[in-house]
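**Student:** Sequence:
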Amino acid sequence: MTGFRFKQFSVEQELCAMKVGTDGCLLGAWAACREDGAAAVLDIGTGTGLISLMMAQRFPKAQVTAIDIDEGAVEQARINVEASPFAKRIEVIKGAVQDFSGKFDAIVSNPPYFVDALECPDSRRNMARHANTLSYSELMHSAYRMLNDDGEFSVIIPADYRSKMEIEAAIAGFHQSRMCAVFTSVKRPAKRYMLAFKKRLVPIESTSLVIDSDEFKTLLKDFYLKY
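Numbering follows this note's numbering, with no gaps: position 3 of the sequence shown is 14.
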């Protein structure tokens, strides 16, 4: 996990156990928050706490709640948060978001995405990648229930699952506000989509991003050492 940093300290030196994936990095850098930054943020399925840490860095007045159902992930996230400069502004909670309550100005999630797919023998990897413990419907209804009226819910999802996520968002009552198609190459179809939703109808802002392009480097320049 080389080449990733937060301001004020180096992740590769201090958070060496953290697994850093491109999806989480993109969402953590793209998700929106209140303009004044003094927001309550919820990170659903926090994993190692990466997105929570990125949101805390980007919005210095934000209070972040990170929730995950997996005990091992919660333990790792707590270790990573405690080793960061943002420990006083991030709370890591073990539990199912379906049973959680609160009100938030911004909600983010890099959710489990495999639906009706064959599972591997590793139960922890299944939990992280398969939507058995958190369906798209449950995710959307939970986010809608806890999002403030002027807030925004942001997710990143493989391209093949975009339509299903958008359908479940509409059923829950959401309106799409932003969309960013993520490409690994200009010659290939989009690999991921970052989607944002609000409770009110707004014009949809559509953009695209190519991995390792100038726009990609600009988005992640505060987090990648090589940029």
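Everything labelled a hint here was simulated from the structure, so no lab data went into it. Only a predicted model underlies this, so the values are computations on that prediction, with no experimental measurement involved. Just so you know, even glycine gets a beta-carbon here, dropped at the ideal spot from N, CA and C. Be aware that one or more of the hints could be misleading.
[To be verified] The list that follows gives simulated cross-link-like pairs (lysine-lysine, DSS-like), each with its CA atoms no further than 30 Å apart:
no., residue 1, residue 2
1, K105, K198
2, K209, K72
3, K198, K72
4, K228, K198
5, K175, K202
6, K72, K105
7, K210, K105
8, K209, K175
9, K175, K210
10, K114, K210
11, K99, K209
[As the list claims (entries may be wrong)] Listed next, with one range per pair, are the computed distances between beta-carbon atoms:
no., residue 1, residue 2, range
12, S217, I182, 17 to 27 Å
13, K72, S217, 23 to 33 Å
14, D171, S217, 30 to 40 Å
15, D171, P96, 13 to 23 Å
16, S217, K99, 22 to 32 Å
**Student:** Now tell me, hint by hint, if it's right for this structure.
**Tutor:** Verification of the hints:
Straight-line distance between C-alpha atoms of K105 and K198 comes to about 42 Å, which puts the hinted pair past the 30 Å bound. Only pairs whose Cα atoms come within 30 Å are accepted, and K209 paired with K72 is accepted, the gap being roughly 22 Å. Between K198 and K72 the alpha-carbon distance is near 41 Å, which puts this suggested pair outside the 30 Å criterion. Among the hinted pairs, K228 with K198 is consistent with the structure: their alpha-carbon atoms are about 19 Å apart, no more than 30 Å.
A threshold of 30 Å between alpha carbons decides the hint, and for K175 with K202 the separation of about 15 Å falls inside it, so the pair holds. Distance restraint check for K72 and K105: the Cα-Cα separation of roughly 24 Å lies within the 30 Å cut-off, and the hinted pair is therefore satisfied. For the given pair, K210 sits about 27 Å from K105 by alpha-carbon distance, which is consistent with the 30 Å threshold. Among the hinted pairs, K209 with K175 is consistent with the structure: their alpha-carbon atoms are about 17 Å apart, no more than 30 Å.
With a CA separation close to 18 Å, the supplied pair K175 and K210 stays within the 30 Å bound. Using a Cα cut-off of 30 Å, the hinted pair K114 and K210 holds, with the two alpha carbons roughly 14 Å apart. For the proposed pair K99 and K209, the alpha carbon gap of about 28 Å is at most 30 Å, so the pair holds. Taken as a hint, the range 17 to 27 Å holds for the pair S217 and I182, whose Cβ atoms sit roughly 22 Å apart.
In this structure the supplied range 23 to 33 Å holds for K72 paired with S217, their Cβ-Cβ distance being about 29 Å. Our hint of 30 to 40 Å for D171 and S217 is violated, since their Cβ atoms are close to 19 Å apart. At roughly 38 Å, the beta-carbon separation of D171 and P96 lies outside the given 13 to 23 Å, and the hint is violated. Our hint of 22 to 32 Å for S217 and K99 is violated, since their Cβ atoms are close to 37 Å apart.
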